[in-house]
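Engineer: Sequence:
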Amino acid sequence: MCSRGPGTLAAMDVLQRMGPRRTPRTAVPPLELCALATTENAGTLRRRFRQWVGELTDPDTADDLALALYEALANVVDHAYVERGAPGLMTLWAAVSCPLSTGRDLVVTVIDEGAWRPSDGPGWRGRGLPLMRELMHATAVLPGERGTTVQLRRRIAPAPAVTPRRAAAMA
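The numbers in the UniProt record's numbering rise by one with no breaks, and the one at position 38 of the sequence shown is 38.
One thing to keep in mind: the hints can contain errors.
[Unchecked claim] Using C-beta positions, here's what the derived DEER-type ranges look like:
1. Asp58 - Ala115: 18 to 26 Å
2. Pro143 - Leu36: 32 to 40 Å
3. Arg155 - Arg127: 19 to 27 Å
4. Asp105 - Asp60: 12 to 20 Å
These are calculated hints, taken from the structure and not from any lab test.
The beta-carbon is built from N, C-alpha and C at its ideal position, and this holds for glycine as well.
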């Protein structure tokens, strides 16, 4: 069973105390996916995330975000469950704010229940975290006794409006 995203319970508690309300038309439901930590599943989660975030921003930004996410998922697949010898769970949780004048705030969280393993030096490995830091505005890695949480944050500009003229040009 997948756990809820970080802060979900606290946010739900606040909303319950506020009482019933209508969801703004501009609200986007969060994305929450959970799967066994395999390469195939990491690719599937990346594609589902890319589709979700592609509705919110331009294609180049959506590709950058999907790449940063995939690096976090690949770290889970490659490192989190090595000592167990079998894949465990990886959870992807992503949410965006309602539109702000400068775009939306995006938070992407990847959670595993394995063990954090820092890079063991130079070589062809160890480039995932620097890449995530380059593509995102903030990156946090929070190892703990029950697994590791990677949180990625970025302000994303709104997707350009599709006008009839632009739609014809894209066809």
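Engineer: Now tell me, hint by hint, if it's right for this structure.
Structural biologist: How the hints compare with the structure:
A hinted range of 18 to 26 Å for the beta carbons of Asp58 and Ala115 is inconsistent with their spacing of about 37 Å. At about 21 Å, the beta-carbon gap between Pro143 and Leu36 misses the expected band of 32 to 40 Å. Distance hint check: the CB atoms of Arg155 and Arg127 are about 24 Å apart, consistent with the given range 19 to 27 Å. Here the CB-CB span from Asp105 to Asp60 is close to 19 Å, well matched to the stated 12 to 20 Å.
Checked against the numbered hints given earlier, this structure breaks hints 1 and 2; the rest are met.
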